[in-house]
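Protein chains in written order, with our numbering: chain A, 4 to 411; chain B, 4 to 411.
Don't take every hint at face value.
[Unchecked claim] Keeping only pairs whose Cα atoms sit at most 16 Å apart, straight-line, the calculated EDC-like set for lysine to aspartate or glutamate is:
#1 A/K252 x A/E227
#2 B/K107 x B/E58
#3 A/K397 x B/E391
#4 B/K348 x B/E319
#5 A/K357 x A/D130
#6 B/K397 x A/E391
[To be verified] Computed beta-carbon distance windows for the label pairs:
#7 B/I180 x A/E384: 51 to 61 Å
#8 A/K368 x B/S225: 50 to 60 Å
#9 B/S225 x A/M289: 55 to 65 Å
[What the hints assert, rightly or not] Derived contacts from chain B toward chain A, CB cut-off under 7 Å, selection only:
#10 P19
#11 S79
#12 Y385
Bear in mind the hints are in silico, worked out from the structure with no lab data behind them. Just so it is clear, CB atoms sit at the ideal spot from N, CA and C, and this is done for glycine as well.
Protein chains: 2
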Amino acid sequence: MEKLVGNLLYGQSGGPTSVINASAYGVITEALKNKDIIPDVYVMQHGIQGALNEEFYHMNKQDKEQIDLLPHTPGSAFGTVRYKMPDFREDETDYIRLLYIFRKYNIRYFLFNGGNDSMDTCFKISDYMKHVGYDIRVIGVPKTIDNDLPHTDHTPGFGSAAKYVACTIQEVAYDMIAYPKGKVTIVEIMGRHAGWLTAAASLATLSGHGPDLIYLPEVPFSIEKFKNDVRRVYGENRQCLVAVSEGLKDENGILIGSSSGLRDAFGHFQLGGVSSKLSNILNSEMRISSRTIELGTTQRSASHLQSLTDVNEAIEVGRRAVKYALKGEHGIMVTIERSETDEYKVTYGKHPLKDIANIERIIPKDMINEDGNGVTKKFLEYALPLIEGHNSPKFIHGMQRFAHFEKN
Amino acid sequence: MEKLVGNLLYGQSGGPTSVINASAYGVITEALKNKDIIPDVYVMQHGIQGALNEEFYHMNKQDKEQIDLLPHTPGSAFGTVRYKMPDFREDETDYIRLLYIFRKYNIRYFLFNGGNDSMDTCFKISDYMKHVGYDIRVIGVPKTIDNDLPHTDHTPGFGSAAKYVACTIQEVAYDMIAYPKGKVTIVEIMGRHAGWLTAAASLATLSGHGPDLIYLPEVPFSIEKFKNDVRRVYGENRQCLVAVSEGLKDENGILIGSSSGLRDAFGHFQLGGVSSKLSNILNSEMRISSRTIELGTTQRSASHLQSLTDVNEAIEVGRRAVKYALKGEHGIMVTIERSETDEYKVTYGKHPLKDIANIERIIPKDMINEDGNGVTKKFLEYALPLIEGHNSPKFIHGMQRFAHFEKN
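Here chain A stands alone, though its shape is the one from the complex (with noise of 0.2 Å):
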């Protein structure tokens, strides 16, 4: 196979999860090995915005210090946006100018770092680009906290919020526990179609202080049936502690926990306050006293309680990323695939984009308990290796170091 020699090009998109900055150091640090192949590395600021504004960072020209710090930095160090690109037969605006600059910066490689929006957006240009002959290998470098890609057997960013998710459960578990009985505790947790994050709340119950009940997106949400399962926990504990998903629907696919009514760019309602609602019906119709916890961004920016295994896979798939763009892939994104090992074991792999575009991997039913309200052994098994191991964070002076870079 013929060596296409140019420039790279790599971007963040979509919500930032505590790992993202770990795939971005995967791609630079591979990227900038293959200097005879790739003699510059560019990253877009604030994602595809970024690169139709021609705001980029050279990496070449950074320290590499700060390069180093990236696995320990949360948020997206090159900033992200949220975006929809419109189909470029309908209108292609965006797609001429996006040509326009990768020629000026003779842009052959594409990496496009993000979840089941960004590999939209992803899978768009990869179109485009063959359509006009434009030769150039764009990659989707998964991430999301959700887990929520199809196709690979979990996405980089889900371990790292998981056991932030977990660990938090695990600690509210416990301090509910020091109190004299009397109290229902509901946690609010990230996830909109999908619950895998939600679920992840069950892993404490393996440290003996987990939820009683967690309520998914995937199972139609009944509040008869949410109060008649807090009555009998509670009847037998006089405690309870629920965890649910910001993303709770009822059996007409009505969102329990949206108040605003606002859309963001894709069309998505904003989601909170499911939690908020229940714990109002269970004070004031069950006169039970509650509160909630709403977790919140901390979810997917904690970069302080990463896990260890999803930052190396993270690094990974990044890595893997740039090797298979100068293997001469082109619209596929990489993928995770788990080996069918006693031990935890994966590979990596990869997936044509067009298959991945705004497809969302929802829990299967033999992951969900048969009452609705809990996970099986099964979904303990496939989430627990994911948690495992620390990446101690670089503190200084009793606070975190996180990378920056200087746009040039």
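Given the coordinates of chain A, assemble chain B onto it according to the supplied hints.
Here is chain B on its own, set in the frame of chain A:
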């Protein structure tokens, strides 16, 4: 001085901190070392309620491995309670019961671990036992994430909560800049009358990623001033990170965020909701998009992010309490005194409980900036040493290990 031979009873009271069990570790291990004077070491279950109900953990019979896990265990490993002891001159019932229990178990050392309200309980018991001439040494062991006990430089529990708040704010701030601008984030932090913990958010600024505005209960809160402050910062940066204390009050002392009107056993209003209220004002009156993060009970239970300085001091405070008791002290609380050296160093002292009970130490004026929306260098210099070091959590299979004891 004559040796007082008899048993020791220790208890935990009030809201947990992530290091109250480190103090328990200090008390228990030090007491167990002195078997000739203290044959048996008991711990009350759920604080004073356990003492009244004769529900004790007999520590001489516990597994050493479990005791060694205490410094890594959040919550209150032996249970806590909020129970207000009456004035014994008005109602002696509880005191007569306690005296009966003390005699039955030959309790001659009573060590009580808590904050303001608990030091009130501790003082009342010491006072009563003097009144009836029962020979016992009553010692207060300080703890509170609120850092509001007087006559001590700071309080065990504050440093770890401050570290959690500062690190989380740092992560939230870094997450915020990942997005294109146009958002205000309001983080709500615990603290009823004293803003120490909210002020700790400022430590994140030292890392380059901190809050733009900080509102403390020490400064009467004006919604108009808040709107002007946000307008200014948002006008300059198109984004703004705000840290608010849940205990904010207006110039008439009315809580900004008290929605429920519920009071606890000590007559304190239940807090919460100030960030939502302020966010609604920004959204509706100023048309600025904002979101809220309520840190909640995770602030006091985050055993995975303890300050090593705080853990070590919490252990030492427990040890000193036993040493003071053995030396014949009675009716005092152990204090921490900071040396006037460049390098951070502390010594330990004592102060009469009667001067501590029910007195809350708020942030002094010279630690709050002139504009009333931030802190001064003096606060940063005060607080930074307290979050130094990381007490690496004990993980096993991705989850933390916490102590467990059997009543016996």
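**Message:** Tell me the hint numbers this structure goes against, listed in increasing order.
**Reply:** 7, 9 and 12
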